[in-house]
Structure formats: structure tokens, C-alpha cells
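Number of protein chains: 2
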Amino acid sequence: MAFSEFHPLDGNSLREYIKTVPSLSSKLGNNFDDLTIKEVGDGNLNFVYIIVSSAGSLVIKQALPYIRCIGESWPMTKERAYFEAMTLKEHGRLSPEHVPEVYHFDRTMSLIAMRYLEPPHIILRKGLIAEIEYPFLAEHIADYMAKTLFFTSLLFRSTTEHKRDVAEFCGNVELCRLTEQVVFSDPYKVSQYNRWTAPYLDRDAEAVREDNLLKLEIAELKSKFIERAQALIHGDLHTGSVMVTRESTQVIDPEFAFYGPMGFDVGAFLGNLILAFFAQDGHANEVNDRKTYKEWILKTIEETWNLFHYKFIALWDEHRNGSGEAYLPEIYNNPEVQLLVQKKYMTDLFHDTLGFGAAKMIRRIVGVAHVEDFESIADASKRATCERRALDLAKTLLKERRKFGGITEVIAAIQQV
Amino acid sequence: MAFSEFHPLDGNSLREYIKTVPSLSSKLGNNFDDLTIKEVGDGNLNFVYIIVSSAGSLVIKQALPYIRCIGESWPMTKERAYFEAMTLKEHGRLSPEHVPEVYHFDRTMSLIAMRYLEPPHIILRKGLIAEIEYPFLAEHIADYMAKTLFFTSLLFRSTTEHKRDVAEFCGNVELCRLTEQVVFSDPYKVSQYNRWTAPYLDRDAEAVREDNLLKLEIAELKSKFIERAQALIHGDLHTGSVMVTRESTQVIDPEFAFYGPMGFDVGAFLGNLILAFFAQDGHANEVNDRKTYKEWILKTIEETWNLFHYKFIALWDEHRNGSGEAYLPEIYNNPEVQLLVQKKYMTDLFHDTLGFGAAKMIRRIVGVAHVEDFESIADASKRATCERRALDLAKTLLKERRKFGGITEVIAAIQQV
Ligand SMILES: Nc1ncnc2c1ncn2[C@@H]1O[C@H](COP(=O)(O)OP(=O)(O)O)[C@@H](O)[C@H]1O
Ligand SMILES: Nc1ncnc2c1ncn2[C@@H]1O[C@H](COP(=O)(O)OP(=O)(O)O)[C@@H](O)[C@H]1O
Ligand SMILES: [Mg+2]
Ligand SMILES: [Mg+2]
Ligand SMILES: [Mg+2]
Ligand SMILES: [Mg+2]
Ligand SMILES: [Mg+2]
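Protein sequence lines, in the order shown, are assigned to chains B and D.
In terms of the numbering used here, the first sequence opens at residue 1102 and continues consecutively.
In terms of the numbering used here, the second sequence opens at residue 1102 and continues consecutively.
By construction, these hints were calculated from the structure, which means they are not laboratory data.
Computed from a prediction, not measured in an experiment: that's the story for all the values here.
One or more of the hints may lead you astray.
Given that identical chains are not distinguished, each listed pair holds provided it fits within a single copy or across any two copies.
Straight-line C-alpha distance at most 20 Å; calculated SDA-like pairs for lysine to any residue [unchecked claim]: (1) Lys1190 with Thr1137; (2) Lys1412 with Glu1262; (3) Lys1400 with Glu1387; (4) Lys1444 with Thr1209; (5) Lys1500 with Asp1449; (6) Lys1444 with Asn1313; (7) Lys1227 with Cys1170.
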């Protein structure tokens, strides 16, 4: 079989494909007799194969020209694999400890081969449902976000590098449009794709569609999402895009990457932790109230922001005499002004984070794609109660985000719901 | 002579060039005997030739790979002519009454042929120095800005069209960088290029370089200038980029065009009118106090903003059910929310306008490129007094812009200096 044009692969053709690519064959010790190939794509969009031989392993991810969980009726460019591969490589260069190595990319086949994140790695969202504490999670994700966002922003780069890459990632417009629709539009209007825990949340969903102030705020965020090329963001950094063990934290699936607002990434991660928090009561029972675990989630939210802030500022201080265009050292040349600009930058980023995080929470409750945190609560009435709390907090965060002075105030607001 | 590769042209080779281009020859009635060719580039960057025959006329503008007023020591891509031609065509399509028609573009030669804006057209800045009132100026410029900015924004266009064009104009990065340097950086630091009316303004220039709050605000505007792809802006819309007669208003010279913040164009225009206002006292004498003319400039500033606001909102209302991505009609579906979002959008744009306008004023007083409005005041002490007033107002506008509730408050502030 020739792979000079696009084919959707299956187990058999995948085996043939690997044989034609020396770097992949050698990863498996050129041993094809005991090969096992398993499709594990539990995600929404693509096909993911785990390939293991006695001598090695790898993962192959292929994009088909439609959205997997909906089917061929919702076409989606397979060029997304190109942007995913580019971003895995770039973010991997900046944060190698937290991004799986890319072994091979084939643009024609929309195919990425990468390191297999072997067991006990699991998807973080599943770990959060299973009440597992990850002592290094906040530290690791903060590190990943600080490095990938700082080094791809104008705090580190020249305008020339910036505009070159912004232009390239404008090509990922179809994926950006998907976000625009499902995050910033559909939840705020009647849409065939929206769903929620009916009938319990019927009024809540309607209230979202009738809240003028919410619509005012989501419009600002939507425009910022489209217009503001602040850094190369992951674009889909929820807890289903992170694989973890106790010691390891790995970010996968950056197919939505483009130059957008940093707060969209930080908010996605924190917003999904808040969802995990509100889901805990739905998983609690008489023998386990999950109180301790809820405390751990809150602590992780707080530490993630604080460590991100700390690391981001440390990178800024370290590189303040570099070639970043935004704050030239000859201008920002005294400690007071340096403090002033950093404080303003981080405050704005914090408010963006709350706004985008809230938007991501809302869409997971009344939009098309829900989260397993809530979906796995079988009792619909109980689930609706958890979801409503999350929704109410998210609405407050979105509308009042500029009033929050720091992450401890957010934690307090979560506890007060 | 062959024109298959780039040559800087002169009168003779220009004549040869026109002969090889049928569309240009025919504009001149194919009559080369009585041709007059005059170089008139009084601008800073390029060469401009007026070509007149008994049967017709045209203007030819050529970009050389450096900045004309500095010389070959400051290289600058001649590809700027490509972006200028693209923008003349796009803005001309959107606002044909106020943009000269492009007859011909030659990318290899970095050459644009366009309509000759025949006398009595003069550069607006010269008209403002000569105390000439232009009764339609506010209306015309408001119309040009409303149409070019609205129709190239997400209020009218889909994300797909937007990102395609954003990517293309990322190519104009060298011109963007020039603005970044001379508008947003050099005035706030010691730079070999800066100059001012010394010794009178020595302390004022130093104060700009030592004002932490000013530096905080200019940083926000600089990042917005680089990061925010709001619309296809002209990028250099000062009063030297507008040619006028009593009845006609024509915008030329969009070589700095790219997808940037709308307020940069509106602010450039208004900021330069404010400079013209403060220069009037320097042109006044015993027989002519220029009081009436100053009133006319203030009225023009006020009307330009008010008419721009009115026309922009009218376009928005007219196209609110179109394919603009920013405010989908199914979401912004009641008069109250429509009012809310428009009010917020225009308030933000107003504050951007004041900020960018102020930045453009400051750089004309303590930066590299000054304006004839002030330069033509021979008495240095008198000039410095005018400049200081403009500078003080600009600093207030930049730092306090969010406190201004409307254009009448700006007019009041101008009058109070
Ligand atoms: N490198 C990897 N190692 C191990 N498992 C992976 C790897 N990449 C993806 N997976 C598994 O495949 C699933 C889907 O992958 P993902 O990249 O999220 O695809 P999608 O874009 O369809 O969401 C993940 O949830 C995870 O279980
Ligand atoms: N279409 C035109 N018709 C008449 N004069 C023009 C035209 N275009 C430019 N000019 C004259 O040439 C000068 C320089 O043109 P401009 O486009 O501003 O060049 P630069 O980019 O060098 O500033 C203008 O100030 C004006 O006097
Ligand atoms: Mg995924
Ligand atoms: Mg997915
Ligand atoms: Mg994905
Ligand atoms: Mg000019
Ligand atoms: Mg010019």
C-alpha cells in the first residue's frame, strides 16, 4: 500500500505504514511479529492507536476530515494535525518534561507519531473523578504554562518572529471557529447542539440565554479570543488534555493551538479543576464525603495560579534584558516601573483567566460537549445540583471577574456557593 | 530598458516604463511628446512623480529599499508598496469617494500608479497651517473611517476572511516595527533619533522619559498595537496623509496598513488636528489672532468623532443580521443587549482613540519626526510654548483617557490647557 495520499488507517494498514517509516520501525525494534495495536481514542475528534512490541512502543494519532464523535456530517479539516504537530514540537522544546516527544509527522496522512505515555499514566480528568491526589500537578502545569506562554509572547520575542508565527497559525482557523461556536456562541442562543440535565436545568439554560450582562461579557471575551495574538496557546487545555501519574504530568492534544490570549489556557485548566470540585459531591456517599479531596482540589487551584504567577514573573525578570519587544529595558529601567508593569500585566491576565475559565465551565454545562466529571454522576437530580452550583459560580466569575483581587478570593467564592 | 527586475526610477526611465504599460500609456492619451514629469515626494519615505500630458495625468509612487528622509543607512523593505497598493484597493472599494483610484501596481518595481489628485488639492496639514476651513472634512473622514474600519472588522466579516487577511498583512511587519519604535518606544527613552525644541523643552522631554505612569500606559497601547487584529487600519492617518479641496477629501499613503486596533487610525487623525490647534497661536500675529480658526478646528474634532460614531453605529445596525462573527443576531437579539454592546464597543474604541491619539502627539514633539504645523513657527521660544501645551494635554489624555466620558470633555480639556 502506498501512503502518498491520504487514507484513514486501521490496524492492518497502520502496521504497513510503520514498516515504511524507518524511524518508527526502529522504535519498535523492527519487530512486527508480536505487535499489538489498540485504538484508544476516547477523545472527541481523532483516532489514537497504541502500538506496542516487545522492544518498544509508540502512539499514532490520525485526524480524519470530520469530527469523530459527531461523524461525517460535521466536517473538520484534517490539517489540524499539522498545527498539533507544530505545537507539540514547539511546546515540547520549551517544556520538554511535560510534553510527549514527537517521533514523526506526516502531513499528507495527517498523522502524528509520539511517545506512548505508558501506564500508570491516565487522563487527569479520570484521576480527579477517582479521587487521586497529584502532589506535583500544580507545580508541573504551572511550569508548562509559564514556559510555553512566556516564551511565545512579546515578553520574549521580537515582533518579526511573532508576526511570522501568528500568520502561520492563522491557518488553523477551522479549529478556532469550532471554539468560537461551542464556547462563545452556542450556549448563549438556542442551538440544536446544546444539551443539559433536563428538566432540572431547563430554567438555568434559559437564564443563560436571557442574561444581557452575561452576553455583554462573553462578547468581549470572544473578540479577545479572535483578535488578540498574545502567545501560542494550547487552545484546549482542559483536564482531558493532561495525562498524569503521581510523578509525571504530560500535556497532549494541542490541535486547537493558535496565537491567542494566554488567559484562555490558564482559564481552561483552572475552570476544569473547578468543575471537578463541584462534581465531588455527586461522587460522595455515606462512607466517603470527599471533603479532604475537595480541599486538595482547592489547594491545587490556588497553587496552580500562584506558581504560574511566580514562574512567569521569574522568567520575565530573567529575560528582561533580552529581545522581547513589549518592554524594552531602556524604557522600563527602574524597579518601580518594572513592578508597575508586571502588576498590571498579571492583573489583566488574572481577569482574562477568570473570564475564559468561566466561559469554559458554562459551555460544559449547557453546551454541546459535557465533562465526565458530571456525566458519571448517574442520579440526574444530584448531577443537576452539582452542575447548577458550578454554573452559578461561573456566571459570577464571568460578570464580576474584574472585582476579584486574587486567587484566594476565587477560592472563597467557590466555597460560598 | 527592461523592468523585469527592480530599478529605482528617474524622469527618463519613468517615461520608458510608462510606454511599456498600455493602461498607463492610454491614461496619457499615448502622447509622450508634451509629457511633464515632476518629483514631488515631500513625504518621508518614498518617491512620488506627477506625470501630465495634454491628454491626461497620473501619479507614480515608488518605494526604494530605504527610508528616503534618512537615506540608505536606514533600510526599509520596498515590499511596503505591495501593502500600500492592497490597502488603496481595499479601502478604495469600501470608500471610493475618499481614496484615489489605483491604475496599476508592479510588485517587482514596488511601484503604484494612481489618480493624480490635481490642484487645488493640497495636503490637509498645509491647509490647516494656511488657515483654510474645510466644511466637509469631518463628514468625509468620518465616512472613510467608519466604512474602512467597520467592513474589515469582525462586525462584518467571518473569522475565516479575517484570519486570511490578518495572515497576509503580517507580512508588513517592517513597517509595523517602524511605528513601534518611533511612536511607542523612542520618545520614552534616550534615542539618537529623538529631537525637540531645545533648550526650551529639555526638561519636558526628560519628564516624558521619567514618567512611570506614562510608560505603563504606553506599554498597554504598544501591546494592543501589535497584538490586536481588529480591522485593516491605514496605519499612518495623520493630516499629511489626507489631500483636500473645499469639496474633496482624499486619503493617500497607507503603506503602514495592517490588521490593528481601530483607535490607532481615529486617534492619528484627531491627535493631528489637536496638534494643528495648538500650533495656531504660533501662526497668529497682531492682525490675526486665529481665534475663529481655532474654533473651527475644535468643531471639526468634535464633529469628526460624533459623525464617525454615528456612521459606524448606522453600519452596524444595517448589517447586524449579516455574517459578522462578533455579535451573532441569535444572541444579541433584543434592543437592550444591542444597546449595551454598542455602548461598550464605542466607549472602548473612544478610549483607544484618545490613547493612540495622545501617543501620536507626543512622538511628534519629542520623537524623530516632527510636524510642519510646529516646524513652520520660526520663533523657537514661541514654538516651544505651543508644543508644551500640546504635550501636556497629550500626557493627560494618555494617562487619564478612561475618565473622559465623551468628545465634549476632550474639547473642554483642550480649551483649558
Ligand atoms: N501519547 C499518548 N500516550 C498514551 N495515550 C494517549 C496519548 N495520546 C492520546 N492518548 C489517549 O488517546 C485519547 C485521545 O487522545 P487526544 O489527543 O485527546 O485525541 P482527541 O483530539 O480526539 O481528543 C486520550 O484521552 C488518551 O487516552
Ligand atoms: N495621488 C496623488 N496626487 C497628487 N499628489 C500626490 C499623490 N500622492 C502623493 N502625492 C504628493 O506626494 C507627497 C508624498 O506622498 P506620500 O504618499 O505621502 O509619500 P510618503 O510615503 O513618502 O509619505 C504627498 O504629500 C503629496 O504632496
Ligand atoms: Mg483530547
Ligand atoms: Mg478532544
Ligand atoms: Mg483534541
Ligand atoms: Mg506620506
Ligand atoms: Mg508614507
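- Item | Ascending list of hint numbers which this structure does not respect | Of the numbered hints, 1, 2, 3, 4 do not hold.
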